[in-house]
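Student: So you can see what is in the structure, the chains are spelled out below.
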Amino acid sequence: MPDLKNIQNDYSAKLNNNLSLEEINQIKTELFGKNGLISSQFKNIGSIPETDRKKFASDLNQIKDELQNLITNKINEIESKKINEKLEKEKIDVTLPERSFVRGKIHPVSQTIDEISSIFSEIGFSVEEGPDIENEYNNFTALNTPDNHPARDMHDTFYLDENKEILLRTHTSPVQIRTMLKDKPPFKIIAPGRTYRSDSDQTHAPMFHQVEGLHIDKNINMGHLKGCLNYFIKEFFEVEKIKMRFRPSHFPFTEPSAEVDIGYEIKDGKIVIGDGDQWLEILGCGMVHPNVLKNVKVDPSKYQGYAFGIGIDRLAMLKYGINDLRAFFDCDYRWLNHFGFDPLDVPSNYRGLSR
Amino acid sequence: MKITFDWIKDHLDTKFKEDKLLEQLTNVGIEVEGVENLSAGLDLFKVAKILKTEKHPNADRLKVCDVDVGEKEIKKVVCGAPNAREGLITVYAPPGAIVPKSKVKLVVAKIRDVTSYGMLCSESELNLSDESDGITELSSKKYGKSIGKSYFSKLNSNLIDLSITPNRPDCLGMRGIARDLAASGFGKLKDLKEKKIKSNNNQSLKVKINKEKNQACSSFGSCLITNVKNTESPKWLKDKLVSIGQKPISAIVDITNYVMLDINRPLHAYDADKIEKGIVVRNSKSGEEFTALDNKNYKLDDGMCVISDSKGVLGLGGIIGGTRSGTEFDTKNILLESAYFEPRSIRSTSKKLNLDTDAKFRFERGIDPLSIEDGLNKAALLIKEICGGEISKIDIQRIEICKIKTIKFDTNLFEKITGFKISTKEILKILEDLGFKIKKEKNYFKLSAPTWRPDISQEIDIVEELVRITGYDKIKIIDPIKERTKSTLTKSQKLFHFLQRAIASKGYLEAITWSFTDSNYNDHFKDKNKEIKIVNPISSDLGVLRNSIFSNLIMYMNKNLDRGFKDLSIFEIGPIFTSSNPGEQNTVVCGLSAGKKSRLSWIEKERNVDVFDVKRDVVQTLVEAGYNSDRFFIDSETPNYYHPGKSGRLFLNRGKDQIAAYFGEIHPNILKKIDIKTESLMGFEIFVDNLKLPKKTLKDQKTKFQVSDYQKSERDFAFIVNKEIKAQDLINAVSSVDQKLISNIKVFDVYEGENIPENQKSIAISVTIQSSEKTLNDNDLENINNLIIKTVENKTGAKIRS
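As you go down the protein sequences, you meet chains A and B in turn.
Just so we're aligned, residue 1 is where the first sequence starts under our numbering, counting upward by one.
Just so we're aligned, residue 1001 is where the second sequence starts under our numbering, counting upward by one.
Check the hints yourself; a few may be wrong.
Simulated pairs of lysine to aspartate or glutamate, EDC-like, Cα-Cα distance not exceeding 20 Å [said to hold, decoys possible]:
1. B:K1494 x A:E122
2. B:K1020 x A:D277
3. B:K1416 x A:D217
4. B:K1673 x B:D1518
5. A:K164 x B:E1023
6. B:K1533 x A:E165
7. B:K1533 x A:E136
8. B:K1352 x A:D147
9. A:K243 x B:E1023
Across the chosen pairs, the derived CB separations fall in these ranges [unchecked claim]:
10. A:G46 x B:Y1710: 50 to 60 Å
11. B:K1723 x A:D332: 40 to 50 Å
12. B:D1410 x A:E165: 34 to 44 Å
Which chain B residues stay away from chain A? Per the calculated CB distances, all over 12 Å, these [said to hold, decoys possible]:
13. D1060
14. E1071
15. K1213
16. G1278
17. N1608
18. D1635
19. I1670
20. S1802
None of these hints come from the bench; they were simulated from the model.
For each residue, glycine too, the CB sits at the ideal point set by N, CA and C.
Kindly produce the complete structure, drawing on both the sequences and the hints.
Tutor: Dropping the structure here:
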């Protein structure tokens, strides 16, 4: 019996020393090897008087567990120390640059078109398209702007033939004509796209973008027009309140016609939409002229509705504080990077138009 | 159109102020473009007298003048005018004054070492006339006692610049604007009770309108004023013209201008003595010529409306008069013309001759045909008052009677269009104020449109008038309903947006460039397309529609490289044009990638951008868009702007029906020609319209989820093949062996050189073999192996490398 106690005390003390892995293994063999001190005690169990045997076996097991635990812990301790020493040597400078990546960008006009489509989608408009090259009929005549009408002077037109029959569309309005000729009412479409006028200076580019809107149904009146645009402008500029003014104007293809101004002010050199006492013209609109409806075989006594045309580039400039229209098409790497959008920033209704 | 509130008040009684006027003009649809205070600073200009002149010590042509400006101190002014002389009364501008013509602010300046305090002004510098040969000469009788007083009388009305829409010729006259304002409740339109000519003399010059086809003149009114003395206009008239920025010329010209501006009635004054045997209004004959008042000679076509006499053309009716019969200061007898010309004819003639005049601008929009007499009365009486003489009776020749348009108007239409109601009483009041004649019928009103409103022809125009005058702010907002019955985008539109963002996500910056381009650049990239010329380009370097996006993109790429950026990728998605027919355009995604990858990296090896970079961008994008890359077929037939050996053409399937994309290196010759400096330039084009749209929606594309858990094994093979054999051929051969068992094929090495015979190469592939039914045993695998080797050898002539 005293044997067990001694073994326990001796070896507990030994294992408390600073030992190498080899030394521990040596101890392990001394204790638990084939003829180890503990192993041989187990062989003795049979020779212990029956009265003491139970206690002896229980003590022996307890000592065995205790010493084994000590050994395992010791080994773990050494191993983790070793790993730590190794890791210490492997330390790298994580402030070095990561592997290279490139980031593409979406042009602000494309982003704005997506924003516009997203807003109008919510109130039931679908997107239509038309060709950039148009005939004179779709661009002018069908839109109640006959030849020799002074309103044609308001559009500086690029022509592709000497007879002036083929041209680059001066507005997106011919998409109205194409859409209405192709289908039957009701119509509820927007048509964003490239438009062209032979005009080039600081505020005019020979190519720019417009979005056309057309809503024709049985009882669509100017109140719907106002409501639609009010909704759109509020959503687009992501403001709670909008100051909007409808001014009578004239377009041959709408009657009555209006130009729409929004209120703004300049704060810290930046334009702020929604308040203020300055007015900024942003779009033209009106009730589709009965002559236009007749031209596309829609009965104006049954159907009526509104149309509008908005300058997309202008909207993008206002919303994103871009002050030079020409820069849109200059393709300057720095500009594209600065004003471009991450391709993952897809405007949508549920995520919001912008971050 | 320029107006002043004062002039408007000639026609309008109103208690409102100018700021309210601006608001109200906007409300009725007359856009205010700007407001300018013309008289600001003009009080600085003083009547002054030259006391002494001396030759400038350092300049032969300059004089140093002592000038009395009514102050204690005599001012020294250096002046170059030949007429600067002792005793002359003229106009003096002190330092600080802004010269009206040049808008230059005067300062005390040393002119050749002599200090000059201000300036003596010519009439031209003061915007009073074109006289610029010398300084203004004022009569000592009139101004002798005014030395030191302001030369300009005070203007209390600002110059208001309006933009008049082309449908409103009536608003090109003060009265028309006043009428709109009055109708909108801004005041009361004055009844002018204009005087009429009372004369016993007949108009003795015979006027005839030829009745011929397309005669553009339907009536021609005239009267003769004899024994006039043309003179300077009186102050009130000069002031009026100056107040809206016009230059007074002579009384007769000023009066015709005044009447035109006041009531939008263009007139023309002829020197009656220069007209030979009466006037004939007729169509011109091709080849006829005349010199117009702009001192240019015009050759006419057939059928232009001319005013002529027996000697030939006097002028173009409604557009411009001729020098032969123009009035001068010594003109004695005047024939005053007041006529009506067809807008269409005016427009086509002036367009053909490229002639733009104030009269043309008005006639092409439509002049009130019934204003002929009013204009003659008003102008002739003024001429008589200012220039003396005798007025004849008015003579009016007509070949057509002016028809009054009548419109049936159902008042219900107003609410139907505008969404709000106004009372019938209000409707009638507005229409009366605007000059409509109204007759009540059973269910509608019969309206006669005023003759000065050529824009009004149908019921909807009446609604427009009513809502415009009532105010657009009365229109109630009806909020839109959030309901979608049709999908917003079509499949092809969705694909467009997907490709746009997919390419951008590969590191390309999106550019938007013109649809037109420089034909020199286009030539490089037009391939087999025909050049599409713009007849009237904005400049010669934007003269053609682009046949490819590359032309613009490469130009801008070059500009960016010049800015010092070396490694960049840009793309554009947009139209290219194949002919000038509407619709013959294709949507293309076109990208360029220049320079290096991993330039100056501490961790990665730097290398040039290569063909397989752009190939990855194209293939990955197409795969992301839902196309199966296992079906792609690629060959090397590409347009001549690509490097012939380093470019590829991609089809979505082996049927090769439509080209999905090109990719590759841009031809080195082109880089040389356009002098672009970069280590490497790769490009691609994806033809969006050639991509077949997936029939299935995303939800149907997801098939049942099936995977095999049986063990897979990978086997490597190295084949020696002829150089022209493509990796694609090898892969196709392998996959044809057993599509069920062969789940993946990967090329992991391509080698030419030592140990490989000339004109041959080694291609190493790794093939993954897996069954969905069982674990393959050694025997199965051995069979497949042998089959793969046999098939590849048979199909491609390859030899397995041992």
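Student: Evaluate each hint against the coordinates.
Tutor: Going down the list of hints, with the structure as the test:
1. B:K1494 x A:E122: holds, 16 Å
2. B:K1020 x A:D277: holds, 15 Å
3. B:K1416 x A:D217: Between K1416 of chain B and D217 of chain A the Cα gap is close to 12 Å, so the pair holds against 20 Å.
4. B:K1673 x B:D1518: holds, 14 Å
5. A:K164 x B:E1023: Given pair K164 of chain A, E1023 of chain B is violated - Cα atoms ~40 Å apart, limit 20 Å.
6. B:K1533 x A:E165: holds, 14 Å
7. B:K1533 x A:E136: Given pair K1533 of chain B, E136 of chain A holds - Cα atoms ~17 Å apart, limit 20 Å.
8. B:K1352 x A:D147: Holds - the C-alpha atoms of D147 of chain A and K1352 of chain B are around 14 Å apart, at most 20 Å.
9. A:K243 x B:E1023: Satisfied, since the Cα-Cα distance of roughly 16 Å is no more than 20 Å.
10. A:G46 x B:Y1710: 50 to 60 Å: holds, 55 Å
11. B:K1723 x A:D332: 40 to 50 Å: holds, 44 Å
12. B:D1410 x A:E165: 34 to 44 Å: holds, 39 Å
13. D1060: Non-interface label on D1060 of chain B holds, nearest chain A Cβ at 44 Å vs cutoff 12 Å.
14. E1071: holds, 43 Å
15. K1213: At roughly 17 Å from the nearest Cβ of chain A, K1213 of chain B sits farther out than 12 Å, so the non-interface label holds.
16. G1278: Given a closest Cβ separation of 31 Å, the condition holds.
17. N1608: At roughly 15 Å from the nearest Cβ of chain A, N1608 of chain B sits farther out than 12 Å, so the non-interface label holds.
18. D1635: At about 29 Å from chain A, D1635 of chain B clears the 12 Å cut-off, so the statement holds.
19. I1670: With a cut-off of 12 Å, I1670 of chain B remains clear of chain A, as the shortest Cβ separation is near 19 Å.
20. S1802: holds, 39 Å
Of the numbered hints given earlier, the model fails hint 5 alone.
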